[in-house]
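*Asks:* With chain E held as given, fit chain Z onto it using these hints.
Chains E and Z, in that order, are what the protein sequence lines are. The numbering used here applies: residue 96 is where the first sequence begins, and numbers increase by one. The numbering used here applies: residue 19 is where the second sequence begins, and numbers increase by one.
For the record, the hints were derived by calculation from the structure and aren't laboratory data. Check the hints yourself; a few may be wrong.
As the list claims (entries may be wrong) - Straight line, CA to CA, 30 Å or less: simulated DSSO-like cross-link-like pairs of lysine-lysine: (1) 495(E) x 493(Z); (2) 297(Z) x 511(E); (3) 297(Z) x 493(Z); (4) 478(Z) x 360(E); (5) 219(Z) x 531(E).
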Amino acid sequence: MSVGAPRGLASSGQKLITEMLHPLSAAEEQLSPWPDVTISVGVEKQEPGLTNGTPVEMSNPASTLQLIDRLQLDDELEADTQDPSETHDLFVTVDDPKKHVLTMETYITYRVSTKTTRIEFDLPEYCVRRRYQDFDWLRTKLEDSQPTHLIPPLPEKFVMKGVVDRFSEEFVETRMKALDKFLKRVADHPVLSFNPHLNAFLTAKDLNKRQGLALLTKVGESVKHVTGGYKLRARPSEFCAMGEYLDTFSQKLGTLDRIAQRILKEQSEYLTELREYSSVYSSWAGSEEQLQRPLEGVAGCVTTCCGAMEDLSDSTSQDFLPVLREYVLYIESMKNVLRKRDQSQAEYEGRLEAAVLRKQEDRTPIPVEVEKCQDKVECFNADLKADWERWQRNKRQDFKQLLTGMADKNINYYEKCQAAWESLLTVLQDKQTEDKTSETN
Amino acid sequence: MHFGLLISIKFPQNILELTHVPLPFSNLKFINIFLFFIGFSGIHTVMRIKSAHIKQQLSRCVIREDGGGRTGRFGGSRLLRRMEICVSEAEKRSCRNAVSMLETFTVYLIETRPLEPTADGRNSSPDSVWRRYSEFELLRNYLIISYPYIVMPPLPEKRAEFVWHKLSADNMDPDFVERRRVGLENFLLRVASHSVLSNDKILHHFLTKEQGWKDLVHETGFQAKADSRLRALNAIFRVRSPNKHLMEVKHYSDELQSYTSQLLRARTRVADRLYAVYKVHGNYGRIFSEWSVIEKEMGDGLQSAGHHIDAYAASIDDILEEEEHYADQLKEYLFYAEALRAVCRKHELTQFELEMASQDLISKKQQREELATGIVRTFSFKGITNKIFGQEAPEQREARLNLLEELTSEGEEAVKEKTAECDEHAERAVTDILQFKEQKDKDLQEALISYALMQISMCKKGIQVWSNARECFLKM
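Pulled out of the complex, with its shape left as it was, chain E reads as follows (with noise of 0.2 Å):
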């Protein structure tokens, strides 16, 4: 699902896009190491506000298009492995969690760092601490404003299972692992990185979450009053495909963490013999006079594979599972932008069904607003595309990594274990040669 050559948009009133004045044309910085600047030379002509490409009016499909440019350049300067659409001016970091005890409740802050180049920034670098809750309110803030592109999961909110220890270091070490994907990947999203919501989250002091950014709140909701009733015609083929992908990849991935569990429950009651198998040995070794020391080797031998098999372990659970379950979630995000997108074209599809007859009726002409509906599911439908893209490229990425480490720790395993029984071997052997002179002897 490449992006070949660029459609024109087929609603009224738009150029087509080789007519338009190419954003990036006034730069000669196209290759230039910061590429902020001509990010901000397309984008420097409009409201501050209006940046994140909401679909309003005229800056709507110059961001896709600009998009759309930009996918086009980088095509020409790396392949696969760089994500074209990234920015690299904007870096954020989470970690440094620390535990907050207060009288009506306890909690955990972690320090979000920023630095960057953008001029929507008043200073190069930032630093706050934000708790979860804030994660989630940038979450929905962006989902509400930017309905038509695919916002990245947050680590799980409720912790159902009663067993885990909210303030546990392994659950926290996870937690703050998976919100720094988050904002990263927001960081890293060509328009989701404009959104005011975003710089809100890493600059202000104090969130005050109550005050919106009433401006905003009122563009994302024009997309979100999709009425229902709506019944969608045909679906575009791609998007079908689309949700079957994500149907069946959901449901590969659900099998994967399940078998992942159960190799960790195996592996622990293997720890329990194991355990128990290396004190026979040293009992053992407690009767015999010639036999103690390799029978005490041994022993030390097994407590040493162990060990290793326990690191293998805890690696499958801490950094295995919780990717895992992050791409579910991450899967269902997109299965609810597909859904918008279904939505939106019921709605286009239905008002024209209704201005169409009216027009045979009584000969009024279609409304603006239906022309208006048709440009909304048209920049749906490309921004989602192009999310898509990044997606896929990501998600190939991430499990590329992901595997390749599961791969590292097991081979990182029998690597403990051979050394340890080398090592032994040579004690043992030498122990025999050493035997045999004296008994020649």
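*Replies:* Quick look at chain Z alone, frame taken from chain E:
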């Protein structure tokens, strides 16, 4: 006497000799090897033949640097210097038993060949005898009775125990039969290389005389001794002044028995769990396959990685089968511990009998003294009746005195014999126990080494498979 290495290939009906290599080493222990290729001068080789057909007919052997092999472990081999012994085949037979029921059992082929060429300079053809497990048991029981001070090499287990779930507990299972064959050969080699046991006539007949051997054994009358010995050994008795050294050895044998059986049980449980871990990974293979269908660029990488992980899951079967060899070595010493204990108990029994005989002698002597002097030192029924009914007639007294004299001297003889028996038993036992301990240390150390090698091989396989999978993931 020269030592030679016989290399040959065995086919169902005949043995093809490749070469007979005479070797100059004086302390060379050699083994019975059927191999295709050997190198000398310091090459440590372990041959393991996988093919089912050949597996049935060849035994696993180890050659070491000094040329000593499995029989190299077995002390100064008397019998083995003169002939090579191997248990080469196993076969199923059926026949009607005593109660007219059809019985199926396995027989094993024992082949022996004297090493020295016969008077006319030719190598004599091998002897072969078919024996079933119960005959081996008979031989061993006979040897135990006849040589009670020897720590008797054990037979492989009668029924499969300490099985991990995949392994069959069926006595007819080919893997079990194969391992039993190796165990029986091991038993024969150990016995034949023992300085004392190897000279036994019944053993020689066992190896060479298929018909009529059982009658020979029964003619020795050992069965009666066996029954009484069994009863005695199971009885509870207390020895006043036990042999300290042998008591320590008995205590050690209990510990050895306990630890080896604990180890075997723990190993079985570990094997079960490890099997589960490997097999669950097989699910990855399946899911990767299904997943690769919906992917474009990632598909190939996933699919091939899946195949590697499948191979990983399948590899555990061979790994655990090989570990059974280690378990067998442990089992041998589990049973050896019983044999060791039996020697100690036998001594205790002898000691007890000696103490009984001594007691008996003392009481006889006392009785004689009383009768002779008329002084009653101890309470006796005779004394009371004498007081009540009057003294007996001098002839009767005379007769009784003579009887007691006889009994006393018999008793003295008995004590002397028993003392000699006891001392001799102790002396020989101590010697054999020492030998046993040396053997045990060597054998178990070797077992631990081969176990470490197995583990290393397993780790290497694991690294290989996961590296392959990793390569595939990178190509995703």
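*Asks:* Each hint: holds or not?
*Replies:* Here's how the hints hold up against the structure:
For the hint linking residue 495(E) to residue 493(Z), the alpha-carbon distance of about 8 Å falls within 30 Å, and the restraint holds. Only pairs whose Cα atoms come within 30 Å are accepted, and residue 297(Z) paired with residue 511(E) is accepted, the gap being roughly 22 Å. Annotation: proposed proximity of residue 297(Z) to residue 493(Z) holds, straight-line Cα distance about 25 Å (limit 30 Å). Distance hint between residue 478(Z) and residue 360(E) is fulfilled; the C-alpha atoms sit about 24 Å from each other, no more than 30 Å.
Taken as a hint, the residue 219(Z) and residue 531(E) pair is broken in the structure, with Cα atoms around 34 Å apart against an allowance of 30 Å.
Checked against the numbered hints given earlier, the structure breaks only hint 5 and satisfies all the rest.
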